[in-house]
Amino acid sequence: MPHQPPSDGLILHDISVRFGGLTALEGVSLRVPPGRTVGVIGPNGAGKTTLFNVVCGFVAPTSGQLTLDGRPLRPRPHQLKKRGIARTLQGVGLFPSLTVLENVLVGESDRDRAEATLERCGAASYRDEKPAALPYAIRKRVALARALVTDPRLLLLDEPAGGLGVQEIEELGELITGLSCSVLLVEHHMDLVMTVCDEILVLDFGKPVAHGTPDEIRTDEAVADAYLGAAA
Amino acid sequence: MSGKMKIATIVAGVAVVVVLTLVFPPFRTYQLATVGAYLCVTAGLTVLTGLNGQLSLGHGALMATGAYTLALSVNAGWPLTAAFAAALVVTTVIGGVVGLAAARLRGPYLAGLTLAVAVVVPAITSTFDGTFNSDQGLSVALEPPPGTVTVEQWQAWLAWGAALIVLVLLQLLIGGRFGRELKAVRDDETAARLAGVGVARTQVLAFVVSAACAGIGGALFAVLAQSVSPGAFPLSLSLFLVMAIVIGGLGSLAGAAWGAVLLVALPALAHTVTEGIDAQRLEGNLPLALFGVTLIVVMLAAPGGIAALRPFKRSPFKRSPFTKAGLRPLRKRSKA
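Chains A and B supply the protein sequences, listed in that same order.
Note that numbering that gives the first Met the number 0 numbers the first sequence so that position 33 is 32, with each residue one more than the last.
Note that numbering that gives the first Met the number 0 numbers the second sequence so that position 132 is 131, with each residue one more than the last.
Excised from the complex, chain A in its bound form:
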């Protein structure tokens, strides 16, 4: 049964994460409203993946609160599915010994739904292949299908365009735009981020430096400084 649309979506309030003396995230607040796509960008080491790991329960925040649809979110990774959250990994994260269909069937045993999701992601014709035999772009599609098969209310996409060509990124953009669930997107490919996101949060050294619509982010000086370095 599909998850009901969330009322409040995901809310991160004043999240900080410290690893000993290193501050990975500091005072990050963000809302991912129902049905919206929010991008998180920033240079390498800005804390984007740490933010994802906090939402997924791989990293416990040092301070701050998370809520999903008004209820506190204290996630444990294997229980995310029950809360309607799905995530793709920075690499493809497929299981090499399983076929494409079996990969999608892990954690979701409804075969019809798995095949329909593969069809939707454009990977149905590879259902009996092992991931190692597939082009990288197809593996990415399979990873996306495995996340979407649970019909999540919130989808976390960690650099989904990494390693893809221009045409493939365009197709990925169309796929993301067509999703009905909320999407939190970490991505370096700016064209994709600017095309699919309704809002963007920019992190630098773990701190939020800008938050706004794609147009606002494009013209933000702090964002340019973060990416290009402050003018001397």
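Honestly, I wouldn't trust all of these hints.
Mimicking DSSO-like on lysine-lysine, the simulated pairs with C-alpha atoms at most 30 Å apart in a straight line are [said to hold, decoys possible]:
1. Lys129/A with Lys81/A
2. Lys3/B with Lys129/A
3. Lys129/A with Lys5/B
Derived coverage of chain A by chain B (criterion: at least 3 residues anywhere in the stretch with Cβ under 8 Å from a Cβ of chain B; other residues may be distant) [as the list claims (entries may be wrong)]:
4. 69 to 83
5. 90 to 98
In case anyone wonders, no lab produced these hints; they're calculated from the structure.
Positions of the beta carbon are idealized from the N, C-alpha and C atoms, including for glycine.
Knowing the structure of chain A, use the given hints to seat chain B on it.
Below, chain B alone, put in the same frame as chain A:
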């Protein structure tokens, strides 16, 4: 091959073995029975190590647990079926306890834990010698087989009946969702967690299933030998079991069957060789050496094990590590 076909193959294979017990001489029938008992253990171990990626060096000790439980139960006057059930329950519980600890460990630490189990269990039999009769062990008083059936035939039918049940249940288990989850956890724990798989739960379950199979195998050994002693379950047995499933083909029940055959055939071959060259002093170590050589040869010729060989499809040497690494025969370059 579909799941139903695999189960049909298992049933057909066991039926062939039962027919062989009717025509084989008693010693060969006893060897077949031993293969059946080993098969219960190797099938469980290949699920744990091959499909779930948990290395156990302590399955010999789990076998000993099953064997001693059966011996104590039978000697207490329990019927044989109840004694088997007791062996199953006790090893399952112990497997669960070891599995809970094992789920928190990885790589060499996991191997170290299971190795400790293999060392501790024989020591327990010496410490509590009032119950286990120390190194002398326990005899298992069994009733004679019914009618005109020979003892060896009865033992073989018992062993292969148990092997049939174990193999069919394991095939049903690994052919479905649980099998996918076992492999997913082995391949990528993080991705498995994100897909909703309880990694620790899956690992503990794998250990419990594998321990239960080892317990049944150990109980069968008690029936075959009609005695139990710590010397029957040395540390080297645990090593042989691991080598057997690797040589047979990790992660497949067919590989487990090949492994069980080797566990009986290689020591018998060693015995024949030492007798032939009149060097009985070698007999104790020769099986280990034979296993080592077989392991090296099979890994070079067929990294997937004997079960992965397709003799009529392609040469096994085409898939050797050398050719996989790109070391192919030199060919003349064609001119541009």
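Hint check:
1. With a C-alpha separation of about 28 Å, the suggested pairing of Lys129/A with Lys81/A holds against the 30 Å cut-off.
2. Simply put, Lys3/B and Lys129/A have alpha-carbon atoms about 22 Å apart, close enough for the 30 Å limit, and the pair holds.
3. Annotation: proposed proximity of Lys129/A to Lys5/B holds, straight-line Cα distance about 21 Å (limit 30 Å).
4. For the region 69 to 83 of chain A, the proposed coverage by chain B is satisfied: 6 residues have a C-beta within less than 8 Å of a C-beta in that chain, meeting the threshold of three.
5. Chain B is given as covering the region 90 to 98 of chain A, and this holds because 6 residues of the stretch bring a CB closer than 8 Å to a CB of that chain, at least three being needed.
Comparing the model with each numbered hint stated earlier shows that all of them hold.
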